[in-house]
Amino acid sequence: MIGFVLRRLLLGLMVALTVMTLAFVLTRLSGDLAISIAGPQATQADLDIIRKAYGLDRPQYVQFLDWVWRAIQGDFGQSYFFKDSVANLIAKRMPITLTLGLVGLSLALIVSIPLGIMAALRENSWIDRGVTVVTMLGQAIPSFWLSLMLMIYLGLHLGLLPISGTGTWQHLVMPGIVLAFTAIPALTRLTRSGMIEAMASDYIRTARAKGLSRWSIVFKHALRNAAIPVVAIAAVQLGFMLGGSIVIETVFALHGVGYLAWESIGKNDFPVVQAVVMILSIIYIGLTLFADILNAVLDPRLRSA
Amino acid sequence: MSALLEVEDLEVSFGGRTAAVRGASFKVERGQTHCIVGESGCGKSVTALAIMNLLAKGGKRTAKRIALGGQDLQPLSDREMSKIRGNKMAMIFQEPMTSLNPAYTVGSQMSEVMRRHKGSTRTQALDRAVELMTRVGITAPDLRLGQFPHQLSGGLRQRVMIAMALMCDPELLVADEPTTALDVTVQAQILRLLAGIQREMGLAILLITHDLGVVARIADQVSVMYAGEVVERAPAAELFSVPQHPYTRGLLNCVPIPGKVRRDQPLGSIPGVVPTIQPGFTGCAFRSRCSYAEASCASSITRRKATQTHDYLCRLAPGELGNSDLAERQPA
Amino acid sequence: MSNPVVVLPAAAARIGTLGFAAGVIIVSVIAAAAIFGNALISHDPFVQDLGKRLVPPFWMEGNRPEHLLGTDQLGRDYLARLVYGARISLMIGILTVITSGLIGTTLGVIGGYFGGRVDDCVLFAITCRLSIPVVLVALAVVGLMGSSLTLVVLTLGLLLWDRFAVVARSTTMQVRSLDYVSAAWCAGASTFHVLTREILPNIASHLAVVGTLEMALAILLEAALSFLGLGVPPPLPSWGLMIAEGKDYMFFSAWVIMIPGAALFTLILGINLVGDGLRNLLGTEKSR
Numbered sequence: 001m002i003g004f005v006l007r008r009l010l011l012g013l014m015v016a017l018t019v020m021t022l023a024f025v026l027t028r029l030s031g032d033l034a035i036s037i038a039g040p041q042a043t044q045a046d047l048d049i050i051r052k053a054y055g056l057d058r059p060q061y062v063q064f065l066d067w068v069w070r071a072i073q074g075d076f077g078q079s080y081f082f083k084d085s086v087a088n089l090i091a092k093r094m095p096i097t098l099t100l101g102l103v104g105l106s107l108a109l110i111v112s113i114p115l116g117i118m119a120a121l122r123e124n125s126w127i128d129r130g131v132t133v134v135t136m137l138g139q140a141i142p143s144f145w146l147s148l149m150l151m152i153y154l155g156l157h158l159g160l161l162p163i164s165g166t167g168t169w170q171h172l173v174m175p176g177i178v179l180a181f182t183a184i185p186a187l188t189r190l191t192r193s194g195m196i197e198a199m200a201s202d203y204i205r206t207a208r209a210k211g212l213s214r215w216s217i218v219f220k221h222a223l224r225n226a227a228i229p230v231v232a233i234a235a236v237q238l239g240f241m242l243g244g245s246i247v248i249e250t251v252f253a254l255h256g257v258g259y260l261a262w263e264s265i266g267k268n269d270f271p272v273v274q275a276v277v278m279i280l281s282i283i284y285i286g287l288t289l290f291a292d293i294l295n296a297v298l299d300p301r302l303r304s305a
Numbered sequence: 001m002s003a004l005l006e007v008e009d010l011e012v013s014f015g016g017r018t019a020a021v022r023g024a025s026f027k028v029e030r031g032q033t034h035c036i037v038g039e040s041g042c043g044k045s046v047t048a049l050a051i052m053n054l055l056a057k058g059g060k061r062t063a064k065r066i067a068l069g070g071q072d073l074q075p076l077s078d079r080e081m082s083k084i085r086g087n088k089m090a091m092i093f094q095e096p097m098t099s100l101n102p103a104y105t106v107g108s109q110m111s112e113v114m115r116r117h118k119g120s121t122r123t124q125a126l127d128r129a130v131e132l133m134t135r136v137g138i139t140a141p142d143l144r145l146g147q148f149p150h151q152l153s154g155g156l157r158q159r160v161m162i163a164m165a166l167m168c169d170p171e172l173l174v175a176d177e178p179t180t181a182l183d184v185t186v187q188a189q190i191l192r193l194l195a196g197i198q199r200e201m202g203l204a205i206l207l208i209t210h211d212l213g214v215v216a217r218i219a220d221q222v223s224v225m226y227a228g229e230v231v232e233r234a235p236a237a238e239l240f241s242v243p244q245h246p247y248t249r250g251l252l253n254c255v256p257i258p259g260k261v262r263r264d265q266p267l268g269s270i271p272g273v274v275p276t277i278q279p280g281f282t283g284c285a286f287r288s289r290c291s292y293a294e295a296s297c298a299s300s301i302t303r304r305k306a307t308q309t310h311d312y313l314c315r316l317a318p319g320e321l322g323n324s325d326l327a328e329r330q331p332a
Numbered sequence: 001m002s003n004p005v006v007v008l009p010a011a012a013a014r015i016g017t018l019g020f021a022a023g024v025i026i027v028s029v030i031a032a033a034a035i036f037g038n039a040l041i042s043h044d045p046f047v048q049d050l051g052k053r054l055v056p057p058f059w060m061e062g063n064r065p066e067h068l069l070g071t072d073q074l075g076r077d078y079l080a081r082l083v084y085g086a087r088i089s090l091m092i093g094i095l096t097v098i099t100s101g102l103i104g105t106t107l108g109v110i111g112g113y114f115g116g117r118v119d120d121c122v123l124f125a126i127t128c129r130l131s132i133p134v135v136l137v138a139l140a141v142v143g144l145m146g147s148s149l150t151l152v153v154l155t156l157g158l159l160l161w162d163r164f165a166v167v168a169r170s171t172t173m174q175v176r177s178l179d180y181v182s183a184a185w186c187a188g189a190s191t192f193h194v195l196t197r198e199i200l201p202n203i204a205s206h207l208a209v210v211g212t213l214e215m216a217l218a219i220l221l222e223a224a225l226s227f228l229g230l231g232v233p234p235p236l237p238s239w240g241l242m243i244a245e246g247k248d249y250m251f252f253s254a255w256v257i258m259i260p261g262a263a264l265f266t267l268i269l270g271i272n273l274v275g276d277g278l279r280n281l282l283g284t285e286k287s288r
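Residue numbers (our numbering), protein chains in the order written: chain W, 1 to 305; chain E, 1 to 332; chain U, 1 to 288.
If you're looking for bench data, these hints aren't it; they were derived computationally from the structure.
DSSO-like cross-link-like pairs, simulated, lysine-lysine; straight-line CA separation at most 27 Å: (1) E:Lys88 - E:Lys60; (2) W:Lys220 - E:Lys88; (3) E:Lys57 - E:Lys88; (4) W:Lys83 - W:Lys52; (5) E:Lys118 - W:Lys220; (6) E:Lys83 - E:Lys118; (7) W:Lys220 - E:Lys83; (8) W:Lys267 - U:Lys247; (9) W:Lys267 - W:Lys83; (10) E:Lys88 - E:Lys118; (11) E:Lys88 - E:Lys27; (12) U:Lys52 - U:Lys247; (13) E:Lys27 - E:Lys60; (14) W:Lys220 - E:Lys57; (15) E:Lys27 - E:Lys305.
Please build the complete structure, drawing on both the sequences and the hints.
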């Protein structure tokens with residue numbers, strides 16, 4: 001088990017480094033950074049000063065290594081436009097994004113798992129078909145459009161929730177619903193197929209032969225096995241949600257990391273963009289590792305060497 | 001005294017198309033082992049599942065009577081039936097490798113039966129589990145309680161299944177090919193174990209098998225099934241010495257006896273394959289493979305009695321089959 | 001179970017094929033509209049008419065018969081823009097899928113076929129790709145290099161190849177061990193031949209399923225990018241852009257965002273139905 005974790009950590013590290021390289025290259029795509037910072041009116045003298053100040057006159061690989069070295073220590077540099085260190089900026093916004101992600105995931109699980117179980121227990125019935133239809137529809141709705149519609153109907157017409165901004169928990173409800181929507185189709189399908197497979201298995205036949213109650217058979221025996229891949233995928237889904245939250249945060253004006261990235265792109269604030277890409281990747285890598293560990297914990301067969 | 005398990009005219013069909021069991025009747029007496037023997041596809045496993053009401057989706061059963069200890073099981077709802085399953089009647093299956101839940105320990109899976117049906121505490125149930133595991137020959141039972149199924153070998157798992165089935169002291173044990181998936185040496189051990197438990201606990205066993213060797217070892221009564229029907233019923237000794245049905249005869253012919261089989265003689269076999277029966281089929285299902293078949297076999301066959309305890313489904317009169325070469329085939 | 005809930009396998013199968021048929025119809029209609037639509041509609045999607053701004057569609061009052069779906073905030077005919085937008089969505093979808101399909105399939109087949117170190121590299125590449133926050137990176141690229149149709153296609157194409165690679169790799173691994181591949185090797189076929197003539201045709205159907213689903217994803221992503229202003233540049237009427245432009249008026253004239261949104265929804269649904277239907281068709285073949 002320890003060996004497994006170590007190997008995955010090493011792999012994660014290599015992936016992180018690769019992604020960091022990509023993030024670095026990404027920000028250099030637009031050409032000369034000094035020009036972007038200084039603006040179109042800058043003179044050559046201005047550009048030289050800026051280059052020196054931001055260390056942009058050094059060779060690229062030096063800049064890269066310097067960035068990596070500092071990043072490991074938690075120093076992501078200074079934002080070009082916000083008067084703050086990048087690390088501070090991200091730290092301030094991260095809780096919101098994380099909370100949003102967890103809210104979204106929780107809502108998704110609360111909906112998907114019961115739906116999936118219901119559909120599986122009544123396989124091929126109208127209920128099952130209904131659930132399939134609902135997941136199909138859910139997959140087709142663009143998240144930003146759904147956000148707008150919720151704003152119109154829940155926010156304006158019914159006056160239930162604030163339309164945008166940050167602050168109270170109510171501000172997280174609509175964004176959370178939209179985020180949940182992106183994950184529900186996949187999680188429902190996974191739960192359903194897992195439960196169908198579990199209920200058809202030999203050990204469930206044994207459980208029925210033992211005269212166990214229906215509740216015990218479905219939840220204690222079948223779900224326990226069917227849930228293993230669902231839980232692991234859910235962890236990975238959280239990673240996707242955190243990465244994809246940029247759209248939702250922007251629409252709802254939620255001041256999370258995604259919104260920060262959005263603002264930074266608009267302002268060509270490269271250190272922030274680089275850092276956000278890197279951090280989201282690392283979180284994703286961490287979540288996949290976590291998902292693997294969860295798998296091993298939940299499935300006794302994976303535990304023994 | 002009436003039999004413990006009475007099954008009369010059991011019919012099972014799937015999806016309204018395939019008639020898996022077409023009118024099976026047999027009785028299992030208290031403290032006796034009744035074997036249902038037949039090839040794959042003859043409906044013997046389905047019969048066992050139907051009795052327990054464990055048929056897969058799409059399976060429909062009807063019967064004149066299915067009674068356990070005098071109580072009719074048919075009108076019971078699934079919930080009421082679940083109180084009897086694992087309690088008064090228990091079942092073990094063919095594949096011990098997949099029949100236990102991989103996510104729970106042996107101890108937890110064994111104890112939950114007793115806690116469910118007898119309301120025992122966890123400790124009481126675990127104690128009984130240890131007691132039974134010892135009885136079925138599992139070493140270090142305390143250790144096994146905390147182990148997971150994947151940590152046990154196939155033979156060990158089957159013993160766990162047997163012990164688990166005995167937790168609530170059932171009157172009837174239904175065993176669906178319990179030794180088929182095991183090594184030959186382990187098979188013999190398990191059979192000996194079952195016979196021993198039967199003697200000690202007065203347990204009645206309904207054992208499904210395709211292996212005549214198993215029947216020879218352990219059966220008191222035998223029902224031979226073919227294409228969904230019970231074609232012959234007899235006490236074991238009589239079945240082996242004076243089989244009346246051509247199919248039974250054919251089955252016995254297929255078993256080569258070391259020393260008695262001659263080198264230039266082909267091994268016995270029954271030509272053809274087991275047919276799938278559609279609803280509405282009449283007559284003898286075996287007629288396409290039977291050397292004694294006549295035109296009358298296409299219309300319905302009456303059940304004949306060879307003795308008080310031996311009946312069969314064929315147009316041939318008792319003794320007409322002849323048994324000259326069967327004298328050598330008595331079970332050891 | 002003694003009381004099974006009514007099982008309707010035949011009905012379910014019918015509905016499955018119904019879904020597939022519906023999907024095919026939807027996609028065909030939209031494709032036809034995209035190809036021929038602007039020839040049939042008299043209005044030009046780019047011509048502004050500030051005197052006729054925000055005219056409602058035909059089912060609301062205040063509508064004008066010559067603008068069936070009304071006009072947008074700059075007086076441009078909505079239906080014409082919608083139809084043109086279909087062309088953009090479908091084009092981006094197809095081009096992106098071709099790009100990502102090429103990249104992903106090549107990687108997946110090479111990894112699955114050669115195994116060993118090569119496969120490790122491919123898996124590593126896939127893992128790296130999965131770790132990248134796609135929307136963010138796409139936004140950043142477009143934001144830093146300026147919006148254009150080509151850039152959007154390229155970016156999405158370079159980002160959305162992962163599922164192709166995964167499916168291509170696993171199916172290649174399955175097919176590789178089959179007898180007809182061995183037979184080809186024995187006959188002295190070159191690696192290239194085996195890859196293109198033996199392996200590819202047999203994984204093509206699975207890739208087709210992935211292709212439809214990825215196309216839907218590409219269209220959704222492009223819409224999201226355009227919605228945020230970092231996708232297809234205006235005045236090209238990408239549906240996402242239309243929704244963004246309509247956002248300012250949505251509280252009073254909800255139809256401004258409803259119509260392009262509904263169009264997006266319908267197209268994505270249609271493509272997903274086709275993809276699922278294809279998958280079911282293949283699934284039933286495989287189980288035989």
